[in-house]
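So you can see what is in the structure, the chains are spelled out below.
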Amino acid sequence: MTKISYAQALVDGMRESMEEDKTISLVGTNVLGLGPQRPLIEKVRDDFPDRVFDPPCSEAGLASLGIGAAMAGARPIIDFGVGSFSLLAWCQLVAEAGVAHHMSGGQIKVPMVFTMLHGLRGGGGGQHSHSPQAMLWNNPGIEIVVPSTPKDVKGLFKAAVKSNNPTAIISHSRLLGVEGEVPEEDYFIELGIGDIKRPGKDISLIASSRSVITALEAAEILSGDGIEAEIVDLRTLSPLDKNIIIESVTKTGRAIVIDETNESCGVAAEISAIISEDAFSSLKSPIKRISRPNVPVPASPLLEECLDITAEKIVTAARELLES
Amino acid sequence: MTAKLNRPQSIKLYKDMVTIRAFEEEVRKMFSAGLAPGLVHLYSGQEAVGVGTCATLDKDDYIASHHRGHGHCIAKGSDITRLFAEIIGRRPGYSLGRGGSMHIHDPETGNLGTNGIVGGSVPLATGAALSAKLRGTGQVAISFFGDGVLNQGILFESLNMAALWSLPVVFVCENNGYGEFTEIDDVTAGRPYTKRGAAFDIPADKYDGMDVLVVYDAVSKAVERARKGKGPSFLIFDTYRYSGHSVGDKQEYKDEKERQLWEARDPIQKMAKLMVKMKLATKNDLKKMDEEINSTVVAAAKVAKKMPVPGADDLARHVYAP
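So the sequence lines, in the order shown, correspond to chains A and B.
Numbering follows our numbering, in which position 192 of the first sequence is assigned residue number 192; successive positions increment by one, without gaps.
Numbering follows our numbering, in which position 126 of the second sequence is assigned residue number 1126; successive positions increment by one, without gaps.
Worth flagging that the hints you see were computed from the coordinates, not collected in a lab.
You may find that some hints are simply not true.
What the hints assert, rightly or not - Within a straight-line C-alpha distance of at most 20 angstroms, the following computed DMTMM-like cross-link-like pairs (lysine to aspartate or glutamate) qualify: (1) B:LYS1228 to B:ASP1208; (2) B:LYS1228 to A:ASP50; (3) B:LYS1254 to B:ASP1314; (4) B:LYS1230 to A:GLU16; (5) B:LYS1012 to B:ASP1217; (6) B:LYS1270 to B:ASP1285.
All chains should be modelled from the sequences, with the hints used to inform the complete structure.
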């Protein structure tokens, strides 16, 4: 095991995949945003100069360029940079990429990856802070990957580029510099398999992306109170590992669903509905959601902070549920 | 091409156009009988563009089509029975009967699909061209689109990338004068419209889309250029749709005189006259061909109508590829 950053792991996954499969190309190079990790992507350009494209600001055209290329035998990675920019390509994502396989009776395949950064990033404001995964999840035909650790992003990336479906890899801006252990040997993580990041018996904290890291901090604090929280990392929303959710909630009887998408029709709302339908009889208390309140993200640091999901918010909610 | 036109070539072009006309007539009947779900947009009148274009292509070249796309499928070599079946939602149709008129896909003939998104074909064909270039296959991609797309932003995004990266794609605009029920000139600034291609240094020109040989010549040059790695071309073909936006459109917004003028330039009649004049076929030969094609098409429609519809158990299949 070596300890590397999330950004490095993502780049490693990309480079190893491009090494293995010559049909993979990268269109767009803001995969790691504009922060201190940005230069890491240059290694991909250096290694594969003929397969890395710096595109114009044309998100809709780019998305469908990638879709057309994928339909015609290539495996492109289309990078939107900031997830908010994927909204410019919404028609292409949901009404071309997502439907092509089904609409063609299984004849057309769209084997490609979309990369983007999501979430509160510090001053992103209302137009650079979206977490599009819930909106995307509302559309069939697209796979959605929301990793939380360096190990997961590398393994999931390598699986995503092998998938024959359009797959969105949505990374949290604030995870890029977070370090973690990554296996040295070659590996990949199958899409649709969740992960228990910390076992526990008293309450299930179900999370994805950066919320997993926040939930782990909360679990540490709760452990000091003698409360053992189980952290369920969804890792992918589509396909979704329903079993891992149901098994955990059946064991603990209590669930907090933590996610940075907006509360209305968000990831936490969907997971809560699944628990209500499939594990209702195991519940000892109501399900609690901790998600982004239904307000646009302000650029003001103080106001933005109010929207952030913190370990403190999770700890408070967990204590309330256990006392109820 | 006129000077060098030989008998087999002329017959192929003529037959493909007649097949499309006959096919669309059957589709009209099917729709009127309530057999086709949604809307159907007929290609009658525009045959020369699709046939002239596809005649320049190899089987593995790509086309991406639009909502008025039955003609492109036929010209690229799809089977008419399966096309009928798809349009009326039958299980043996190209897309298992779930796609319908606007979502017919036939990758075997390089057809990435008819498409219900205005301008959808433009970036898809550009992407297919990128794939061909990356894989070094020498394939080209054709984007068929209507005049309405001249005002879609994604056209400009795609033209830019195609020019920037010298992609082997030919943009084929079929200007039938109307975007749905609106005259194109009423809603479009920047004339001539070829300037849209020229703005990106893409060779751009306008041609008679009612003459299959004119189309063939223009597209041939563009395809050759693309295959040589010299990049995209932007071609506008002036043409006319006889049947309105979709079946049922009474076309009250059209002037009767305008219709007569265009019908006098009918691409099939034009080709027929030329073939007789050049002694490539007699009037009687053509009449025979027409009759044979008509009976083949009618028989195919009959077969398609007897095909089964998909079962409800089919619904969730193919949401994700294995």
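Structure-based check of each hint:
1. With a CA separation close to 26 angstroms, the supplied pair B:LYS1228 and B:ASP1208 exceeds the 20 angstroms bound.
2. A threshold of 20 angstroms between alpha carbons decides the hint, and for B:LYS1228 with A:ASP50 the separation of about 19 angstroms falls inside it, so the pair holds.
3. A hinted pair counts as satisfied when its Cα atoms are at most 20 angstroms apart, and B:LYS1254 with B:ASP1314 does not qualify at roughly 43 angstroms.
4. Among the hinted pairs, B:LYS1230 with A:GLU16 is inconsistent with the structure: their alpha-carbon atoms are about 33 angstroms apart, more than 20 angstroms.
5. The straight-line distance between the Cα atoms of B:LYS1012 and B:ASP1217 is roughly 16 angstroms, inside the 20 angstroms bound, and the hint therefore holds.
6. Restraint check for B:LYS1270 and B:ASP1285: the C-alpha separation of about 16 angstroms stays at or below 20 angstroms, so the hint holds.
Consistency with the previously given hints fails for numbers 1, 3 and 4, ordered from lowest to highest.
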